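Residue strings, one per chain:
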Amino acid sequence: MTNALVLPVLIPLLTAIVLTFFRNSFILQRTLSFLATASSAGIGVYLLLRIQSEGILRLDFGGWEPPYGILFVGDSFALLLVTAAATVTSIILLYAFSTIGEAFEKMYVYPFMLFLLAGVNGSFLTGDVFNLFVCFEVMLLASYALLILGGRKVQLVEAFTYITINVLASWFFLLAIAYLYGATGTLNMAQLAERVAENGQGPVLTVISLIFLLVFSLKAGLLLYFWLPGSYSAPPAAIAALFGALLTKVGIYALIRMFTLVFHHSPEITQSIIGIMAALTLIGGSIGALSSSNIQQIIAYNVVIAVGFILVGLAAGNEVALQGSIYYVLHDMVAKAMLFLAGGLMISLTGKAKIGELSGLIRNYPTLGWLFFIVMLSLTGIPPFSGFIGKVLLGEGLIEAETYVLLTLAFLSSLFVLYSLLRIFLNCFMGEAIIGSEEQVVLKKRTLLPIVMLGVLTLAIGIGADAIAPFVNDAASTLVNPQTYIEAVLDKEALLKK
Amino acid sequence: MKINDVILRTVTKIVVFIILTFGVELFISGHNDPGGGFSGGLVLASALLLLYMTYDIETVHKGIPFDFKKIAGLGVFLAVASSAVPMLFSNQFLNQAKGEFALPVFGATELSMVLLFEAGVALTVVGVVVTILLTISEDVS
Chain A
1 MTNALVLPVL
11 IPLLTAIVLT
21 FFRNSFILQR
31 TLSFLATASS
41 AGIGVYLLLR
51 IQSEGILRLD
61 FGGWEPPYGI
71 LFVGDSFALL
81 LVTAAATVTS
91 IILLYAFSTI
101 GEAFEKMYVY
111 PFMLFLLAGV
121 NGSFLTGDVF
131 NLFVCFEVML
141 LASYALLILG
151 GRKVQLVEAF
161 TYITINVLAS
171 WFFLLAIAYL
181 YGATGTLNMA
191 QLAERVAENG
201 QGPVLTVISL
211 IFLLVFSLKA
221 GLLLYFWLPG
231 SYSAPPAAIA
241 ALFGALLTKV
251 GIYALIRMFT
261 LVFHHSPEIT
271 QSIIGIMAAL
281 TLIGGSIGAL
291 SSSNIQQIIA
301 YNVVIAVGFI
311 LVGLAAGNEV
321 ALQGSIYYVL
331 HDMVAKAMLF
341 LAGGLMISLT
351 GKAKIGELSG
361 LIRNYPTLGW
371 LFFIVMLSLT
381 GIPPFSGFIG
391 KVLLGEGLIE
401 AETYVLLTLA
411 FLSSLFVLYS
421 LLRIFLNCFM
431 GEAIIGSEEQ
441 VVLKKRTLLP
451 IVMLGVLTLA
461 IGIGADAIAP
471 FVNDAASTLV
481 NPQTYIEAVL
491 DKEALLKK
Chain B
1001 MKINDVILRT
1011 VTKIVVFIIL
1021 TFGVELFISG
1031 HNDPGGGFSG
1041 GLVLASALLL
1051 LYMTYDIETV
1061 HKGIPFDFKK
1071 IAGLGVFLAV
1081 ASSAVPMLFS
1091 NQFLNQAKGE
1101 FALPVFGATE
1111 LSMVLLFEAG
1121 VALTVVGVVV
1131 TILLTISEDV
1141 S
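As you go down the protein sequences, you meet chains A and B in turn.
Numbering of the first sequence is given in this note's numbering, commencing with residue 1 and proceeding in unit increments.
Numbering of the second sequence is given in this note's numbering, commencing with residue 1001 and proceeding in unit increments.
The set of hints was computed from the structure by calculation and includes no laboratory data.
Quantities reported herein were computed from a predicted structural model and do not represent experimental measurements.
Beta carbons: idealized from backbone N, C-alpha and C, even for Gly.
You may find that some hints are simply not true.
[To be verified] Here are a few chain A residues that face chain B, going by a calculated C-beta distance under 7 Å:
1) N3
2) V6
3) L13
4) L14
5) I17
6) T20
7) D60
8) F61
9) G62
10) G63
Hey, can you work out the whole structure from these sequences and the hints?
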């Protein structure tokens, strides 16, 4: 029993609820929401350290033991993501404080961001498929509200697509859960894994697993990403950064969790379909990123490429590749948030979003320019930044799995990432300055600070890769040995009682 | 032409109390029998809906001067906070305590912490349903 396991969900949730009563006290809203996210991150680190000494933690809600009750399970993978999500959210909040504006603050933007974080953390921590659905919904409802906040026409148009797609996906999710319950008689992830392993993953279960694949692909933007570039470029930078950093990662997490824990018995079907989808995602994302001349669109397509890249590791399925994927997810949360904030800042400073309309910004805003350069290097995978170690490990894993097509595509996509961002950098930051030093909008230090913090973080993950290596290795070894997870949740005493 | 709604108004005055009583009954029986905060809350909200339909919004607001958004917020807070209370007594999150109490009128009554949680759910449902209905009705004019 570890009540601390529920805190990364409970703290943001409770804070958000309390803040709805203090609609007009902005100072209180800002302070409490930042404290809530920062303390969630702190608890994430604390739990991560405890897992290394005590093994996988679990919390049975209300004392109902698994498989009867609903529970939270904390393994290294989940807690790494919780920590990263909470850290990135608190930095994005700092950016929102100085840019989002009073109209948004009045319309509960901080409570919504906290609800989103609560849903995201809940999805990472839960050990029950239905609870996963519920946490997904908490996250999605908050994201619907955040997407339309502000009510500009483009937001409403994109929100319509986004909500329709997600409601449909949620319906499929429910359907898949019902099928799964009908086929196995349980929704506890550990017991599911055990039963599927005992009875074999027959055709019925494989079909069910493919419905899950469909659902999570829609949420993660794996191949079914057609809704993503539009809806991620509609809201203000702070909210777009939150979406880009967190939302797709939850889908990715669910995919990795389900297909390493429960449905890993017919890799020739599921794993190869995931591989094909990841390959197509890489190709489609690259084409999108190159073909657009809108900065926000290019950035959004970069999210798509990253999704494909991470899930290539799941398709390979060996321990090294999964280590690479985990490193890359962590890196991508930080780097994508940074990219969205830097891109959003360019647009809000100049009022222009097309590549051709901007030039020579580095003379006006040198720090922002070099920060953009850093995030570009980081996303491409240049050492010493955080993208490097993930890419190297993923490459090793793919070679080990002898999937050379995926290997080629994955690393070609890095070149396309570089090219698409270099295009922004060369066109917008280099060249002749078109904004005079008198007429340029003043860039406040506190607006720039969050981006600097993210830059430091990506450098720190890159240089300190050794320090987080034990956690990542533990996470990946739990993923490839599902038995560890199952035994931690269903201990022998509970099984005997059954 | 003004619609003659004497019958509706007269019936409503009585029926609202029946609905409210039934809502409370559903709510209280919740944790042992069918019912609970969600269904109880829906029934309570339907009584309010009947009032809104029979009389106009202003009249009802004079009688029930609450901001229903706040009520929904209070409900969620009650539900989440009451789930978190057991953690202070080093029990699991969502753990429920109960006990027998000798109350003056009801005699020996079993009271359970679930009631607080369910009360939160009921308040949330009432608050959200009424807010949704009022928002929709505002749009027409």
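We went through each hint and held it up to the structure:
Hint on A/N3 holds. Least Cβ distance to chain B is approximately 5 Å, under the 7 Å limit. Taking 7 Å as the C-beta cut-off, the interface hint given for A/V6 holds, the closest approach to chain B being about 5 Å. Hint on A/L13 holds. Least Cβ distance to chain B is approximately 6 Å, under the 7 Å limit. The interface hint given for A/L14 holds, since its Cβ lies 6 Å from the closest Cβ of chain B, which is under the 7 Å cut-off.
A distance limit of 7 Å between C-beta atoms decides the matter here; for A/I17 the minimum to chain B is near 5 Å, and the interface restraint holds. About 5 Å separates the beta-carbon of A/T20 from the nearest beta-carbon of chain B, less than 7 Å, and the hint is met. Nearest Cβ of chain B to the Cβ of A/D60: about 6 Å, under the 7 Å cut. The hint holds. Nearest Cβ of chain B to the Cβ of A/F61: about 4 Å, under the 7 Å cut. The hint holds.
Interface hint status for A/G62: upheld, as the beta-carbon distance to the closest one in chain B is roughly 4 Å, under 7 Å. Nearest Cβ of chain B to the Cβ of A/G63: about 5 Å, under the 7 Å cut. The hint holds.
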